[in-house]
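Novice: Residue strings, one per chain:
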Amino acid sequence: MAERSVVVTGVAVRTAFGRDTGALLTDGFAGVPAFDQVSRFDTTGRRTTEAATLPGSPDLVEELVGVVDEACAHLPGRARAGVPLLLAAHADAEIPPLAGEVARRTGVLGVPRTYTGACVAATSAVADAATMIADGRADRVVVAAGYLVEPVTFALFDAGRALARDGRVRPFSAGRQGMLLGDGVAAVLLEADSGAEVEPLARLAGWGRAGDAFHVCKPRPDGSGLARAVDTAVERAEVSTSDIGYVNANGTGTQFNDAAEVAALRRVFGAGLARVPVSSTKSTHGHALEASGLVELVVTVHALRTGTLPVNSGYLGADPDCALDLVTDAPRRLRPAYALSLNAAFGGANTALLVGAP
Amino acid sequence: MTALAPTDQSRPVPPVLPVLAVARWPESDVDTVEALPPIAGFVLSAFNPLVAELAERCLRAHYGQAPADPVRGARTAVVLASARGDVTTTRAVTEALAAGRRVPPLLFFQSNPNAVLGHVAARWGLAGPVVCTSPTGDPMADALACAALLFTAGEADEALVLTADLATGHGEPDQGAAVLVTAMGRP
Chain A
1 MAERSVVVTG VAVRTAFGRD TGALLTDGFA GVPAFDQVSR FDTTGRRTTE
51 AATLPGSPDL VEELVGVVDE ACAHLPGRAR AGVPLLLAAH ADAEIPPLAG
101 EVARRTGVLG VPRTYTGACV AATSAVADAA TMIADGRADR VVVAAGYLVE
151 PVTFALFDAG RALARDGRVR PFSAGRQGML LGDGVAAVLL EADSGAEVEP
201 LARLAGWGRA GDAFHVCKPR PDGSGLARAV DTAVERAEVS TSDIGYVNAN
251 GTGTQFNDAA EVAALRRVFG AGLARVPVSS TKSTHGHALE ASGLVELVVT
301 VHALRTGTLP VNSGYLGADP DCALDLVTDA PRRLRPAYAL SLNAAFGGAN
351 TALLVGAP
Chain B
1 MTALAPTDQS RPVPPVLPVL AVARWPESDV DTVEALPPIA GFVLSAFNPL
51 VAELAERCLR AHYGQAPADP VRGARTAVVL ASARGDVTTT RAVTEALAAG
101 RRVPPLLFFQ SNPNAVLGHV AARWGLAGPV VCTSPTGDPM ADALACAALL
151 FTAGEADEAL VLTADLATGH GEPDQGAAVL VTAMGRP
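Protein chains in written order, with my numbering: chain A, 1 to 358; chain B, 1 to 187.
Isolated chain A, as found in the complex (with noise of 0.2 angstroms):
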């Protein structure tokens, strides 16, 4: 199709690390975990009881509401009530009347659907936005996730043990144990690069979504889906790998997921990966689930703009299946031209999005 250029305008982030970027950007970036016992609703008889969190009991619908401003603050009413917010959270009976009040108490123009396919459902929303403004069936779309650490999750991901016990999420390293849960509401507003009257913060250069075909919950170990996903992103952006900078991982700290993407990273790259940075910073944040993947594009933006690679945090040592050029120790000052973020999900769901420098 002819592509229209899509920019990112707008972005909030709200983390276990606060309400703005202050501390995430400088505690977090530097790979200082933001986990601690939960103190939101009692772990009793749970085998992992720690979660980065924000104090207190934050409502979904508050947060949401807040970071849709936040992003589109540079946007006078009247343009906002032309705008389509895609929404992304936890699938169940409660995201049609949630979904209803943000609309309103936001002034957009309404939200057609919440993308529920858990750690991709954001970047599936970010997607479609972009293909919306790329096609020209959108001058600008605002995108919006959420994902506050709760009682009933939490027993699902401690009874599936999939969270480490040790209290800390350790992606790409040996000795890793698992995730752990964190906060996560993050909003972005994307617009075509002709229509936008502010400076753009990025480029949305490309994305791509790819399937695994392979299992109900395991990512297919070669890693092909994801590849493929990036592949699309990196056609798409007619840009060749070499110019990619940064990896911000998909890294949830698992023993099959972090094998599997550095499978995806060598299909990508080749040789060339050892020359590529790469952190996840679930690693001090948390995995905020239908969230984690805009909580994550924020991330890379901001790494863009500051020439600040964040730290993959809780590194112990090299495993073998995961030879990367990880950031350890303490941020890595680059400006990469572009940067990658990726998610994966259940379900053999992979998603890619290159993020450009303005």
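Please keep in mind that the hints were generated in silico from the structure rather than gathered at the bench.
Please read these numbers as outputs of a predicted model, since none were measured by experiment.
Treat the hints with caution; some may be incorrect.
[Stated by the list, open to error] Derived list of chain B stretches under chain A, where covered just means 3 residues or more per stretch with a C-beta under 8 angstroms from a C-beta of chain A: (1) 28–35; (2) 53–66; (3) 131–143.
[As the list claims (entries may be wrong)] With the C-beta cut set under 10 angstroms, the calculated list includes, among others, these residues of chain B facing chain A: (4) 42; (5) 45; (6) 72; (7) 78; (8) 96; (9) 105; (10) 120.
Don't be surprised by glycine CBs; every beta carbon is placed ideally from N, CA and C.
Take the given structure of chain A and dock chain B to it, following the hints.
Specialist: Just chain B now, with coordinates in the frame of chain A:
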């Protein structure tokens, strides 16, 4: 070949997607919850068997038996729209927590709708994007809009589009629909 039109708030005149196969649940009085074939590893809830059966009926109607044609399957997406999701699994976990009971580990992966789509995609060899939504409008129309976006983006050439919602207890049954649509020949 028939055609279905998705809706899209940002596009007053939606594209039309050619349809290769259709399926529904229930199709007749024999389609009761007890008649849903179980899926290994999925327990308690009818949601996942319902999705899997809709997919089976639709894909069998077109392909006869699994797997799909490998070339076409590699470019076939799976899209599921469900307004309320798997309320039975959520309720089971909530009740277990309230009673202080152990949460069954099998509920871990079936608690999100992607999981059963992984079962369908693996069985039929569908390696296109996997998308799950909770639509605010008509589920099938919105799911078709998602498929149309995948076609526009060049991410898939065909899509298995599913809708499924469990009974609410107000008289209507568990229900859903499936269509296999293609980007070929669309306007």
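Novice: Against the structure shown, which of the earlier numbered hints fail to hold, in ascending order?
Specialist: Hints 1, 2, 5 and 6 are the ones this structure does not satisfy, whereas the remaining hints hold.
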